[in-house]
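Peer 1: Here are the chains, one letter per residue:
Number of protein chains: 2
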Amino acid sequence: MYRVGIDLGGTNIAVGVVNEDYEIISYTTVPTEARRPAEQVIATMAQAVNTVLEQAGIRVEDCAGIGVGAPGTCDEKNGVVYRSYSMDWTDLPLANMLKEYFPVPVLVDNDANCAALAEVKAGAAKGRENIVLVTLGTGIGSGIVLGGRIYSGLKGNGAEMGHMMLQFEGSRPCFCGRRGCWDAYASATALVHQAEEAAREHPESLLSRLDKIDGKSVFDAADRGDVTAQVVLERYCRYLAVGISNIVNALAPEMILVGGGISRQGDRILTPVREYVAQNCFDKRPEALPVIAPAQMGNEAGIVGAAALAE
Amino acid sequence: MYRVGIDLGGTNIAVGVVNEDYEIISYTTVPTEARRPAEQVIATMAQAVNTVLEQAGIRVEDCAGIGVGAPGTCDEKNGVVYRSYSMDWTDLPLANMLKEYFPVPVLVDNDANCAALAEVKAGAAKGRENIVLVTLGTGIGSGIVLGGRIYSGLKGNGAEMGHMMLQFEGSRPCFCGRRGCWDAYASATALVHQAEEAAREHPESLLSRLDKIDGKSVFDAADRGDVTAQVVLERYCRYLAVGISNIVNALAPEMILVGGGISRQGDRILTPVREYVAQNCFDKRPEALPVIAPAQMGNEAGIVGAAALAE
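From first to last, the protein sequence lines stand for chains R and L.
In terms of the working numbering, the first sequence opens at residue 9 and continues consecutively.
In terms of the working numbering, the second sequence opens at residue 9 and continues consecutively.
Worth flagging that the hints you see were computed from the coordinates, not collected in a lab.
Idealized CB from N, CA, C, for every residue including glycine.
Just so you know, not all the hints are guaranteed correct.
To be verified - From the derived model, a few chain R residues whose C-beta atoms are all more than 10 Å from chain L: (1) Pro113; (2) Gly233; (3) Glu295.
What the hints assert, rightly or not - Below, simulated SDA-like cross-link-like pairs (lysine to any residue); rule was C-alpha separation at most 25 Å, straight line: (4) Lys107/L / Gly135/L; (5) Lys292/L / Gly18/R; (6) Lys134/R / Lys220/L; (7) Lys292/R / Gly306/R; (8) Lys163/L / Asn288/R; (9) Lys163/R / Thr279/L; (10) Lys129/R / Leu297/L; (11) Lys163/R / Gly178/R; (12) Lys85/R / Lys163/L.
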């Protein structure tokens, strides 16, 4: 049985057909043009689905269903997008609207949740039951899979683990309105902010001589022996580790995956995280420690996870 | 169908038979004498089970099973207590040992998890699917019920929500070895510590004239107009609220119950908590906010929750 996965982003809509092994066998991408009326965006999604079905040489009836990973809060039971800021949608009955084009089940869930499910179906967490995926990007995204299924919480309001407060009424403002959220300390954006601050404080540093600081340039400067960059990274890894320990203590998943561009640094950031967790989490028995590893699905996560919604 | 619940504590073993409505229809309690060999403790448990069966006028075969809530980390699949500090047990096959006395299923889980399950079966969360129970006592205990069942995490290492770090490398040491855990700011013990500190700083306060400060006396002093006590309580409620917001953001349960002696203050502590959560949690839609309420099961939670393990 095949499945169709739609990764709906604010810029592009990526659509693919996956086979039973969750391999993408056909693929297309089209611009979202998110400011259009929702009906038009959904018509474009439907066209793209037809394109990938044709490319794969199958009919939609050969598919268990169509899944959509949407950027926002979703009511997965009813296939409704409660609120998506990037799409400017409120209470949109996305599944029902797309069902008008195709006589198969249409499922909708949050994109970060889909990414976590993709890792369980085909990625670093294949075959695991209880995992958390943490994605370090502009903010910290998170998805929880429990018992092999996405856990979305009350009214889709689940798994915003980046908004656990790490620093009680701390000084760093978070975009959610509080101060001291993990997001404000351990997202990729936060790393860049910390590096920029350090560069200003240390005009002698290599960091301060860069035209522009991004996540990768902090690692590069540290590699070239810049002590300022090394101190920034050490502190950043500690922030990351404390937040991951909080997840371990709160939920004790089997596995915590770290995604996003920074996760390509692999053990360089994950080794200090693992060490901190082993020494500091509540239950220190080695067998009670989760595996902490990089996410594997990369850009495919959205399509594969959305497709996996259709069971 | 009846069920037997055993609430195993470091001091006493409380045992009861519950009916289909989870009402306790017979009850006994015996000293644990925890330093004895485990075999003797279990023999005492078996005797107490026979006592409550006799009192109820039923045979063990009339029961769906026997559940034990144990103070420690449990492998609920195999009925093993991995580690209990209060019992000094390691890897004890409690279910199998108790099964030698009774020809019915014997189930074992952590006592805080059982208390959460009791609230779902017969208490404040009756009929709910996804709830978190937070108990404010010597420390902060927590139990998670998801999909109507206890969520125990990897190797029973789940739901130590008191050990989410609230204050990054904060000044308050936690008994788990870290600094800055929620437990060190919002347990009943933490409230007393904060009141003692405030009493030393404010010798003019009513608090400082008390012979001994306990949780209740802080509330009493505030009632009598003591500004020092009022400030302590306001700060304490904020600590409580931030930790509960972290649970909302991480898991979005339908309901968060607060238990322990302090929860008898009811709305006095829960109203500021609800206000903070409504204003500060990530998803502020009213329908996405959990119900925050006092736990109801009190001393019966242990027996009823343990009994509910037997399905």
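Peer 1: With reference to the structure, classify each hint as holding or not holding.
Peer 2: Quick rundown of the hints versus the structure:
At the 10 Å boundary, the C-beta of Pro113/R stays outside the reach of chain L, the nearest C-beta of that chain being 21 Å off. A cut-off of 10 Å between C-beta atoms confirms that Gly233/R is not in contact with chain L; the least separation is 27 Å. Distance check for Glu295/R against chain L: the nearest CB is about 5 Å away, which does not clear 10 Å, and the non-interface claim fails. Between the alpha carbons of Lys107/L and Gly135/L the distance comes to roughly 30 Å, so the proposed pair goes past 25 Å and is violated.
Distance restraint check for Lys292/L and Gly18/R: the Cα-Cα separation of roughly 22 Å lies within the 25 Å cut-off, and the hinted pair is therefore satisfied. For the proposed pair Lys134/R and Lys220/L, the alpha carbon gap of about 56 Å is over 25 Å, so the pair is violated. For the proposed pair Lys292/R and Gly306/R, the alpha carbon gap of about 31 Å is over 25 Å, so the pair is violated. Distance check on the hinted pair: Lys163/L and Asn288/R sit about 17 Å apart at the alpha-carbon level, within 25 Å; holds.
Among the hinted pairs, Lys163/R with Thr279/L is consistent with the structure: their alpha-carbon atoms are about 23 Å apart, no more than 25 Å. In summary, the hint linking Lys129/R to Leu297/L is not supported, as the alpha carbons are separated by about 31 Å, beyond the 25 Å threshold. About 29 Å separates the Cα atoms of Lys163/R and Gly178/R, which puts this hinted pair outside 25 Å; it is violated. Of the supplied pair hints, the one linking Lys85/R and Lys163/L is violated, its CA atoms being roughly 30 Å apart against a limit of 25 Å.
When the structure is compared with the earlier hints, violations turn up for hints 3, 4, 6, 7, 10, 11, 12 and for no others.
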